[in-house]
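**Student:** Note that the protein sequences, when read in sequence, are chains A and B.
113 is the number that the numbering used here gives to position 113 of the first sequence; each next residue is one higher, with no gaps.
Remember, the numbering used here sits 116 above the position in the second sequence when you count from 1.
A portion of the hints provided could be inaccurate.
If you want a taste of the chain B side facing chain A, the calculated C-beta under 8 Å gives, among others [claimed, not checked]: (1) T154; (2) G158; (3) L159; (4) Y164; (5) F181; (6) F190; (7) E216; (8) A217; (9) F219; (10) G220; (11) Q221; (12) G222.
Rather than coming from a laboratory, the hints here were simulated on the basis of the structure.
A virtual CB, placed ideally from N, CA and C, is assigned to each residue, including glycine.
Okay, here's what each chain looks like letter by letter:
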Amino acid sequence: QQQVKQSPQSLIVQKGGISIINCAYENTAFDYFPWYQQFPGKGPALLIAIRPDVSEKKEGRFTISFNKSAKQFSLHIMDSQPGDSATYFCAARGLFSGAGSYQLTFGKGTKLSVIP
Amino acid sequence: DAGVIQSPRHEVTEMGQEVTLRCKPISGHDYLFWYRQTMMRGLELLIYFNNNVPIDDSGMPEDRFSAKMPNASFSTLKIQPSEPRDSAVYFCASGQTNTEAFFGQGTRLTVV
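Start from the sequences, fold in the hints, and give me the full structure.
**Tutor:** So, in structure tokens, the structure goes:
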């Protein structure tokens with residue numbers, strides 16, 4: 001019930017193209033949906049995040065689309081560049097019952113390769 | 117702030133040995149998380165603390181794993197005895213209520 005399902009597992013996009021990564025969740029108690037970017041040998045770093053009261057958030061070339069009724073959200077990378085090649089994780093966070101309770105659940109990740 | 121600091125960055129140990137991973141969270145953060153990352157299972161939450169108190173350790177795979185947070189600026193993850201299947205990258209992250217988690221660089225553990 002607290003899973004986040006992410007697809008595709010890997011993605012190859014040509015430079016200048018659009019990269020799209022999708023995630024779905026079940027638990028409606030999730031209230032914050034961040035995307036993390038991870039380069040080899042590094043820890044995941046926050047890329048962009050959205051709350052369920054908005055349907056879209058854009059930061060530069062990165063856009064999150066959020067569909068609350070379908071319990072789905074996606075990351076779009078416009079004008080993809082070779083430097084965007086990394087692993088992307090969607091996540092969902094909820095403050096569940098219990099003092100101090102805080103759940104940040106990650107998808108399995110998508111390895112993006114942007115080819116010149 | 118230097119971010120979340122983990123040590124060591126790499127650890128190679130023999131099966132059966134005790135391994136201790138260390139983490140210094142970002143000052144002022146009241147949540148601390150330990151994650152394990154493998155190709156097969158992705159990022160798994162092992163345990164997290166709030167105000168130095170363990171809140172959920174349901175992700176700890178076995179009794180061989182233990183974690184402590186003696187104060188707000190330090191936490192350890194210990195594996196005793198270690199096994200080859202424990203080989204993974206272990207991440208520490210910290211955060212506050214209503215903020216995202218900030219990750220350290222990770223410790224790559226290899227058990228031979």
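**Student:** Hint by hint, work out which the structure violates, then give me just those numbers in ascending order.
**Tutor:** 1, 5, 6
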